[in-house]
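J.: This is what each chain is made of:
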Amino acid sequence: MANPIDLKALEHKAWTTYFQDGLWDLFFGIMVLSMGLRGLTDNPVFTMGVMLALVVAIFGKRYITIPRIGVVKFGPARKAKQRRIAAALIISLLVLVGFLLPEYWLPLAVVPLSPLIALWLAVFFAILAHALEFPRLYLYGLLFAGSEFVWGVYGLPFGPLAHVLSGTLIIVIGIGVLLRFLHQYPQVTGYETD
Amino acid sequence: MKQIDRLVHEPGRLQILAHLAVVESADFLFLMRQIGMTFGNLSSHMSTLERAGYITVKKTFIGKRPHTMLQLTKKGRTAFEIYRKTMKQLFTL
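In the order they appear, the protein sequences are chains B and S. If you're matching positions, the first sequence starts at 29 in the working numbering and goes up one per residue. If you're matching positions, the second sequence starts at -12 in the working numbering and goes up one per residue.
Think of the hints as simulated: they come from the structure by calculation, not from any bench. It is possible that part of the hints are untrue.
Think about it this way: if two alpha-carbon atoms lie no more than 25 Å apart in a straight line, the pair counts; the simulated BS3-like pairs of lysine-lysine are [unchecked claim]:
(1) K89(B) / K41(B)
(2) K61(S) / K109(B)
(3) K36(B) / K61(S)
Only some residues are given here: those of chain S computed to face chain B with a beta carbon under 10 Å [what the hints assert, rightly or not]:
(4) A8
(5) F15
(6) Q21
(7) F26
(8) H54
(9) M56
Have a look at the derived ranges for each label pair, beta carbon to beta carbon [as the list claims (entries may be wrong)]:
(10) A105(B) / K51(S): 34 to 40 Å
(11) K101(B) / I69(S): 22 to 28 Å
(12) V99(B) / K75(S): 31 to 37 Å
(13) T60(S) / L82(B): 35 to 41 Å
(14) K75(S) / A115(B): 35 to 41 Å
(15) K62(S) / M79(B): 44 to 50 Å
(16) L197(B) / T43(S): 41 to 47 Å
(17) A115(B) / T60(S): 30 to 36 Å
Since the model is a prediction, treat every value here as computed from it, not as a measurement. Where a beta carbon is used, it is the ideal one built from N, C-alpha and C, also for glycine.
Produce the complete structure using the sequences and hints provided.
T.: As structure tokens, then:
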């Protein structure tokens, strides 16, 4: 055998294969974009963007990703890591709630919320990016957090506009990744006859 | 010198075992994509490993499509670990 087999690299490759389809990018992009459009137009129909993002992610995995790269179930080490990261995300959420609660009994000037929420978003996405070994999420977290900060500090229409720009950028990246995925993994026919 | 398991030593089968050793289970298509093997090659190695009791092969249907899931058995994992250790020791000075 010419090359040594690196088992960690094999597991890592198997894991990251699932993020080469651009669906997570589209999911986050649609979420951020719909938040921005909702803020700009005040039209509640854009709240449905969350549903659209979920539909794209779920049906995309089922009808685009799985028929092209198949199915894998990961081992106990990966599952344990996911549990630890889920705990870290829940703790970070509780910390945010802890910071938000004083709003109800302290003047807003004492607790500047938008930088706190922006900081929390950046941390939350950083944890998620690290957990999923999905580096693009660091960028998306910064874009989302930045937009949230702009919204908090400058209000309308700059905040929603920042969301629209961030969401559009994330969607464009997602579409690029999806197109590369479709080119790299054309649908296989014939193996099912096994 | 320890005996090398020739069933594991074959490069194609070694790739299959290595990939299955790092996950709980994977389907036929996933292995084909990850290893870069043809359908016929993978199918042939899969049958050999199944006959040896190194992997289990579960065939089910998802909708109307057949779906083949592969998993390393305890015997297969042991054989793979022994092979790894043997290969490490083989050239130790």
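J.: Does each hint fit the structure? Answer for all of them.
T.: Do the hints match the structure? See the list:
no.	hint	result
1	K89(B) / K41(B)	holds, 18 Å
2	K61(S) / K109(B)	holds, 23 Å
3	K36(B) / K61(S)	holds, 20 Å
4	A8	holds, 7 Å
5	F15	holds, 6 Å
6	Q21	holds, 6 Å
7	F26	holds, 5 Å
8	H54	holds, 8 Å
9	M56	holds, 7 Å
10	A105(B) / K51(S): 34 to 40 Å	holds, 35 Å
11	K101(B) / I69(S): 22 to 28 Å	holds, 25 Å
12	V99(B) / K75(S): 31 to 37 Å	holds, 32 Å
13	T60(S) / L82(B): 35 to 41 Å	holds, 38 Å
14	K75(S) / A115(B): 35 to 41 Å	holds, 36 Å
15	K62(S) / M79(B): 44 to 50 Å	holds, 48 Å
16	L197(B) / T43(S): 41 to 47 Å	holds, 46 Å
17	A115(B) / T60(S): 30 to 36 Å	holds, 33 Å
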